[in-house]
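2 protein chains.
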Amino acid sequence: MTTDEKESLPRAIQAKAAPARQRPSNYPEPFAARIAGREKKALGDFFGLANFGVNLTRLAPGAQSALLHRHSRQDEFVYILEGAPTLVTETGAVALAPGMCAGFPAGGEAHCLVNKTDTDALYLEIGDRTPGDRGAYPADDLEARLDAEGRWRFFHKDGRLY
Amino acid sequence: MTTDEKESLPRAIQAKAAPARQRPSNYPEPFAARIAGREKKALGDFFGLANFGVNLTRLAPGAQSALLHRHSRQDEFVYILEGAPTLVTETGAVALAPGMCAGFPAGGEAHCLVNKTDTDALYLEIGDRTPGDRGAYPADDLEARLDAEGRWRFFHKDGRLY
Numbered sequence: 001m002t003t004d005e006k007e008s009l010p011r012a013i014q015a016k017a018a019p020a021r022q023r024p025s026n027y028p029e030p031f032a033a034r035i036a037g038r039e040k041k042a043l044g045d046f047f048g049l050a051n052f053g054v055n056l057t058r059l060a061p062g063a064q065s066a067l068l069h070r071h072s073r074q075d076e077f078v079y080i081l082e083g084a085p086t087l088v089t090e091t092g093a094v095a096l097a098p099g100m101c102a103g104f105p106a107g108g109e110a111h112c113l114v115n116k117t118d119t120d121a122l123y124l125e126i127g128d129r130t131p132g133d134r135g136a137y138p139a140d141d142l143e144a145r146l147d148a149e150g151r152w153r154f155f156h157k158d159g160r161l162y
Numbered sequence: 001m002t003t004d005e006k007e008s009l010p011r012a013i014q015a016k017a018a019p020a021r022q023r024p025s026n027y028p029e030p031f032a033a034r035i036a037g038r039e040k041k042a043l044g045d046f047f048g049l050a051n052f053g054v055n056l057t058r059l060a061p062g063a064q065s066a067l068l069h070r071h072s073r074q075d076e077f078v079y080i081l082e083g084a085p086t087l088v089t090e091t092g093a094v095a096l097a098p099g100m101c102a103g104f105p106a107g108g109e110a111h112c113l114v115n116k117t118d119t120d121a122l123y124l125e126i127g128d129r130t131p132g133d134r135g136a137y138p139a140d141d142l143e144a145r146l147d148a149e150g151r152w153r154f155f156h157k158d159g160r161l162y
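For the record, the sequence lines run as chains A and B. The numbers in the UniProt record's numbering rise by one with no breaks, and the one at position 72 of the first sequence is 72. The numbers in the UniProt record's numbering rise by one with no breaks, and the one at position 98 of the second sequence is 98.
Among these hints, one or two may not hold up.
Each pair may be met inside one copy or between any two copies, as identical chains are not told apart.
[Stated by the list, open to error] List of simulated lysine to aspartate or glutamate pairs, DMTMM-like, C-alpha gap at most 25 Å:
| no. | residue 1 | residue 2 |
| --- | --- | --- |
| 1 | Lys157 | Glu82 |
| 2 | Lys16 | Glu109 |
| 3 | Lys157 | Asp141 |
| 4 | Lys16 | Asp158 |
| 5 | Lys16 | Asp45 |
No lab work stands behind these hints, which were simulated from the structure alone.
Looking at chain A on its own, in the form it has when it is part of the complex (with noise of 0.2 Å):
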C-alpha cells in the first residue's frame, strides 16, 4: 500500500458496515460445508494492516469458527460482542458470553467456535501473519501450510495435497 494509498482511507467506520469477505472459506471440500454459516469482516485490511487481520465474525445458529485446529506460529485472540458460542477445545467445551475473551498461542490447544444457539454469535477474531506458519487437525485428515505467497495450502495428513 503507497503512502497516498494510506491517506485516503477512512479514518474510522462502523465494523458491521464493512463489507463481508466474498470467499466464504479457504478449506477444501469436505470441510468447507461444514463453516457454512460463517461470515467474516475484514476490519484489519480495510485499513491496510498488513501484520495482523481482525476480523468481525458472525456465526449463524449451528455455525462453527473453523475446524478444530492449533498453529504452530501465530496467536489468535477472539472477543465477544453478541451471543453465546461455544469454545470448543481438545479436553472441553466453555459457553462463552459477551464481554469474555480467550486466547490461543502457538503450539497450544487445538480449538473452535461453534455456535449452538439459536441466535447468532458475533466477535473479533484477531491472527497474525507470521511466516512459515502450519495449521494443525486433530480431528480431521488435514493439515495447512502457508506457502512463501502468504496463501495456506491443504494437505492430507500422509502428505497428498487436496
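Assemble the complex: chain A is given as a structure, and chain B must be docked to it using the hints.
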C-alpha cells in the same frame, strides 16, 4: 512459556475481570503525566500470546490513549466498546462510538484517542510486536526505539536519551 504453563491457562475470561497493568506508562516525564487516567488490561499477555498484544483500555474523562504518534513497522487497531473517545490525527478529529473501529498501518498518520466526554471510554487495542519498530511523535520532542530485548527506549529528537 512451557507447554505445561500453556495448558494451565484458563480457557476464557471476562475481559473486565483481568488485572490492570501495574506500570501505567513507558513514557519518560514530562510525557507520562499526560496519559494519567489511562488503565490497560493486557488480555493477550494473560493468555500467553507473544506475537501481538490485545489490551482492554479505559480512558477516564480527560485522559488520552498515548501521545500523538505513529509506528514505523507495527500496525495498530482499536475497537470501541463503551463511551465516545475522539480519534485525533495530524489532520483532524473524529468522534468515535461503540461498534466503531479504526486501524493505523505502520507509517500512516500519527494518531491518538482523547476522551473529551464526562464518562469513561473503553476499547480494545491491538498492536503487533514486529522488531526494530520506532515511534515518531510529531508534536513532541520524543522518539521511541524498540531495543533488542523488546523494551522501548526514549530519545530527544536530537538523539539524547531521556
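Cross-check of the supplied hints:
Proximity of Lys157 and Glu82 under a CA criterion of 25 Å is satisfied in neither setting, with 36 Å inside one chain copy and 45 Å between copies. Taking the closest pair of Cα atoms, Lys16 and Glu109 come within 25 Å of each other only across two copies (24 Å); inside a single copy the shortest separation is 30 Å, beyond that limit. In the homo-oligomer, the alpha carbons of Lys157 and Asp141 lie at most 25 Å apart inside one protomer (6 Å), although the nearest pairing across protomers, at 56 Å, exceeds that limit. With identical chains, the CA atoms of Lys16 and Asp158 are never at most 25 Å apart, being 41 Å at best within one copy and 44 Å at best between copies.
Proximity of Lys16 to Asp45 under the C-alpha cut-off of 25 Å is restricted to the intra-copy arrangement: shortest distance 14 Å within a copy versus 27 Å between copies.
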